[in-house]
Structure formats: C-alpha cells, structure tokens
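Protein sequence lines, in the order shown, are assigned to chains A and B.
Using this note's numbering, read the first sequence as starting at 1 and increasing by one per residue.
Using this note's numbering, read the second sequence as starting at 1001 and increasing by one per residue.
FYI, nobody ran anything at the bench for these hints, they're computed from the structure.
Positions of the beta carbon are idealized from the N, C-alpha and C atoms, including for glycine.
It is possible that part of the hints are untrue.
[To be verified] Short, incomplete list of chain A residues facing chain B, as computed with Cβ under 10 Å:
#1 G57
#2 P58
#3 I101
#4 N111
[Claimed, not checked] When the alpha-carbon atoms are kept at most 27 Å apart in a straight line, the in silico BS3-like pairs for lysine-lysine are as follows:
#5 A:K233 with B:K1144
#6 A:K253 with A:K12
#7 B:K1019 with A:K139
#8 B:K1019 with B:K1350
#9 A:K139 with A:K86
#10 B:K1331 with B:K1281
#11 B:K1144 with A:K141
#12 B:K1019 with A:K160
#13 B:K1144 with A:K62
[To be verified] Computed Cβ-Cβ distance ranges for the label pairs, DEER-style:
#14 B:N1158 with A:K141: 48 to 58 Å
#15 B:P1166 with A:A187: 25 to 35 Å
#16 A:P154 with B:K1019: 22 to 32 Å
#17 B:L1159 with A:A187: 37 to 47 Å
#18 A:A187 with B:A1048: 30 to 40 Å
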Amino acid sequence: MNRIQKLFREPKEKLIPFLTAGYPKLESTVELVCAAAESGADMVEIGIPFSDPQADGPVIQKSSQQALDNGMTLNKIFEQVIQIRKRTDVPISLMGYYNPILKMGHETFLNRCVSVGVNGVILPDLPLEEATPFCELAKAKGVSPILLVAPNSPNERIKKISGLAGDLIYAVSILGITGNNLASKDALADYLNRVRANSVTPFVVGFGISSRDDVVWFNKHSDGAVVGSSIIKNMVGKSDPVNATELLIKILKGNI
Amino acid sequence: MKNKFKDYNLPDARGHFEKFGGKFVPETLIPALEELERYYDEAKTDNAFQQELNHLLKHYSGRKTALYFADRISKELGFNVWLKREDLNHTGAHKINNALGQILLANRMGKKRIIAETGAGQHGVATATVAARFGLECIVYIGKEDIRRQKLNVFRMNLLGAEVRPVSSGSMTLKDATNEAIRDWVTNVESTYYLIGSTVGPHPYPMLVRDFQSVIGIETKQQFANQSNRELPDRLVACIGGGSNAMGLFYPFLKDDVKIVGVEAAGKGLESGEHAATLTKGDFGVLHGAASTLLQNEDGQVTLPHSISAGLDYPGIGPEHSYLNESGRVKYFSATDEEALDAFQWLSEKEGILPALESAHALAYLRQENNGIEPDEHVVVCLSGRGDKDVHTVADALGINL
Ligand SMILES: Cc1ncc(COP(=O)(O)O)c(C=O)c1O
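Starting from the given sequences, assemble the full structure and let the hints guide the process.
Set out below in structure tokens:
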C-alpha cells in the first residue's frame, strides 16, 4: 500500500497544500515541503512548473514562470524529493502538465517516482480519453494516478474516471482555473454529493479554497481540501517564506 | 503511397491522426468538445446549414476567389505559377472561410459569447467581423508583442466592436494568446464558443477547421482544370503557421498524384535558434490540447519561436501536418525572414500584388535553389492573405520611417 492509499483509509480531516517546485527560490522546495508536513499538512502536492500552464490563474502562472527562470526541471524535483524523503513520510503527489512527462517518457518518469518516493501524479491536461496508458502503467508500479472530475462531468463519467484512477480522484470545485472564486455553497454541495455518489474512490477538492472555514466545509463534503493559489500568494514579498507558509498551514489546519 | 491516401479518412473517432491529435484538455472542456462534435456532425449533413454557409461564402466573402496565372514570375522562374487568391476574400485572408463556418455552428449551439486568439490579427479580424455580422459578443486575445506588430488589425477589431485583450505572459505572441483563450473558455465554458483560428487544438477543431478551409482546394481543383489544359497541377505550396490555409488547399488533393509542399518560418535561420520551423526542428509533444510536433527543450518546456510574420510565430503545428510529414505525403521546407521579405517585394513589383508576410514564405520557396521544382511544372501557391497589415513591419525591416 502506498502512502496515499494509507492516508485515505483514515477518516480524518485532510489538508493538502500545493507548492510550486522551485518557487520562490530553486532550493526552497525541500524546506517548504518539510515545514508544511510539520505544520500539519496531511499530503503535499508539488507542482511541476510548465511554460504553458493552461489551467492556472495568474498566481500559479507567475510562480511557475519564476520557478522555470530559477532553473527548475523535473530531474531537479526528483533530486529534491530524495532530500525530502530523508526527513518526512508525508504522502507526496506531483502535479503538472503532460508534456514534460511525455518528453521524459512514462516509464522513466514513473520509475523515478517510485525510486524517490513520489506516491501520486495529477495531470490536469490528461483526461479520461487519453489517460489509460499512463494510468495503467502507474498503477502497475504502485503510483496513484489522480484523475480530475469537474462540475460538468456527468455521473457515468465520474464512475469511469474514478474506476481508471483506482485510488483517489480530484474534484475541481469550479468551472474555471486555479485561483478563481468559489461557487455558492449550495451548488457546491450538490456537486460534491454527486461526486460522492458516483466515485468509486475517495476524492479531494481543490481550486479556490483559501480559509480555515473552507477547509472544514470541504472536509465535510469530501475527503480532503487542496489549497494552492493562496499558499503561493502568501509567500509573495515575504522575507521568510518558510515561516509564512508554516503559519498559514497551521491556521488552515485550525492549529492556531 | 498514392494508395494509402485513396481512402484517407483521418482523424479516427477519437480524433487521432495515428499518434497525433486527440484531446489533451482539462476535464471541464470535455463536455464542451463533445457538444461541439455532436453539433458539427449534424451540421455536416444538414443541407440548410451548408446552403447558408455557401451563401455567406459567396455573397459576404466574395468567393470563389480567383486562381490567377502569374505570368511574369512564371517567365522569370521557368515554371508555371498559379496563385490561389485568398487575399481577395472579405477581410483579406483565408481566415474568414473558417470563421464563417464556426460562427454558424456557434449560432446553432445558441452561444452568445465568442472568444478567439490571434497572432497576425487576421483571424481576430475575421472573428470580429462574423461576430458583428451575427450580433454576438466578441473577445479577442492577442499577445502584446503582436499588438505592436499588427496595430492596424487591432484597430480594425475595435472598429468591428470586438474587445481586444492584450496578453503579457510568456513570449506575448500567439501561443500565449491561445493559453489565455483556453483559460477564458474553461472559466466560461457554458456561455462561450471558442472560435479557433487554425487546424490546431483538441479534436474536433483540427478536423472542422480543415473542412471549412477545404473550399480553397475544392475551388482550386475545378479552376485549374478549367483554366489550364490539364487535369491536375504538379505541385501545391502553402505556408504553415498552425496549418489551416495549407490543409484547406492540400486536403482535396491528398489522394491525387500531386506533389505537396508546406513552408515553415525559418526566422533568422534554422541554426540560429530563432525560428518557427516546427516540423523541421521540433519533436513529439502535447500543446494546446493536441499531440503533435513542438519546439521544446530537453525538459519538455515549450521554447519561444521567432518569425517576422506574426501568423507563423507559433511553436506548434496542427496534428494532421505532423501525420502528413511522418507518412511522407507532404514535404516540409522553410524560408527565412529575409527570404520572405524579398519575396514580398518581388511579388509586389512583378505582379502588382502585396502578399501577407505569411504567404510570402510560400512564395520564397519558389525561388530556393533546392526546391526540386522541374522546368515547366504547374505549381499552385496559396496566397493566403494580403500584405496591407504588414507594411509597417516591412518598412521597419527596410529601415524606412512611415
Ligand atoms: C495571411 C495568413 N496566412 C497564413 C497564416 C497562418 O495560419 P495557417 O497556417 O493556419 O494558415 C495566417 C495566420 O494568421 C495569416 O494571417
């Protein structure tokens, strides 16, 4: 059983911060991920920066560009995860666009995931139609492919997507990109109940989640809350981004 | 090879041209793409739809466009050059063929808000034009760098009532405008129709843009047979940005015994690192919703293209071109900024036609030494657009202050 599978057996509140690898500095990510884990993060998503992040709003776009300017690459991320794994057992998922992974090759990419201790992969531009080869190989190697569903995904499709994913899916909270505002709680609750009824796996929710109240609410309606843009935004202009991130995660977790 | 294309019917049901094409998009867009496929399937076989489209192509855009035998350059070159005059369309380029087809689809789908990306501004102008004609809201994304290069077209879009949104991410050109249009579409997917300007993007766009542009090749075939005393031309030539004017000319000839050549932008030279010669220099990758060929570095990051012509300044290419390249059916060449500028002036002086800088790349190929063209061949060149929009760029390059 990998760390993600283990985590989602436990019926507890889950907070999953997103951190762009190589932001704000090339070497920031090791400290940030370890600090996040110590401050209460239940799992961490590490964003692979990409030149053309189509599903991201301005905050993550900018962090991604900064990370690339800093020299971040997929190979460096794997090296940093080796460092991270010396210090924490927190489940780690990589999140990124498909092209850098395609370029590295599914096999090489997934072998590296296994050898450094990455437990899951989220690829927002690899929908059900194209995802089978990657997902089957990932599952065979014990890495959880975390496919996405959206508010306009029909019930049958949610079933199929979660079936292919196998361990966990990611419900995008809104029709939109990262950092957008949330829809009304009523509409959200209907949607998340629909995911609950149709998904054969646990599911986390992300996009637009920013406060402690959100984290509590989404954990009632799903199996975990992903916080991205507001974690990144919170680092902008801070002299000590690690400290700032620790503080925010404690707040989001209700520990302060 | 001829046989392989006798029954050519790609893309397959999943939108693949063998390993190219497909749908690599966020989940949110999948229902929208499926809806579009359904409506397009219906429209294809609906006489009323086809009649309305043909009526608009004829009476609004002024088709059919001339197939013009370019006498003076033919004499100079020693072979016969025919120009398919897409520059004579309403709004000055082939882009209107596709814009008219897609706006009718948008109407059928009941979408009231139209978005588009543009590089040279020709597709933006064509979209703003058809949106005005049908009374629909129109937003056009264009890179800041292209706003500078294509001031005239930006003003035209404003006059046509479109909102032009400058894009300042990345290279601030066509690829970034496309990213921004996709983000808008993801956010407003229920109200909005994304009117893509070339044979790129997720399925079904490469197929439907090709189909709407095929009027270029269908007319050319008839006109050539009527105007020459031969059945078919020996060779077709078109410039390649995303590949829509080229697919439009090529597609009706794929099964015929005709040589076909696409011309990419070699910018400052293939070895300079500053070019947009995707098939010549790129490799397999996924961008803007499709698997195709891509200019990218060893980490799979998309690299910045360069071309003097905004419409060719794109690091990707339509998936069908990647397939036609790999299968060998179409040969791809490239022309530099300098060759295109020379060809621009050459056609202006010799034939009295100012070509778009994009089209000038196709013309430049005619003058290249190793182009393989035999004496007395009949060559059809797609003159995809007129050059008025480029006079500032050309003046700049020639060191003239307008
Ligand atoms: C006149 C003209 N020709 C060619 C192109 C390139 O596009 P495509 O390859 O889709 O024909 C453009 C694009 O803006 C254009 O304006």
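Going through the hints against the structure:
no. : hint                            : result
1   : G57                             : 8 Å, holds
2   : P58                             : 8 Å, holds
3   : I101                            : 7 Å, holds
4   : N111                            : 17 Å, violated
5   : A:K233 with B:K1144             : 25 Å, holds
6   : A:K253 with A:K12               : 12 Å, holds
7   : B:K1019 with A:K139             : 23 Å, holds
8   : B:K1019 with B:K1350            : 43 Å, violated
9   : A:K139 with A:K86               : 24 Å, holds
10  : B:K1331 with B:K1281            : 14 Å, holds
11  : B:K1144 with A:K141             : 45 Å, violated
12  : B:K1019 with A:K160             : 23 Å, holds
13  : B:K1144 with A:K62              : 17 Å, holds
14  : B:N1158 with A:K141: 48 to 58 Å : 54 Å, holds
15  : B:P1166 with A:A187: 25 to 35 Å : 33 Å, holds
16  : A:P154 with B:K1019: 22 to 32 Å : 28 Å, holds
17  : B:L1159 with A:A187: 37 to 47 Å : 40 Å, holds
18  : A:A187 with B:A1048: 30 to 40 Å : 37 Å, holds
Taken one by one, the earlier hints fail for this structure at numbers 4, 8 and 11, listed in ascending order.
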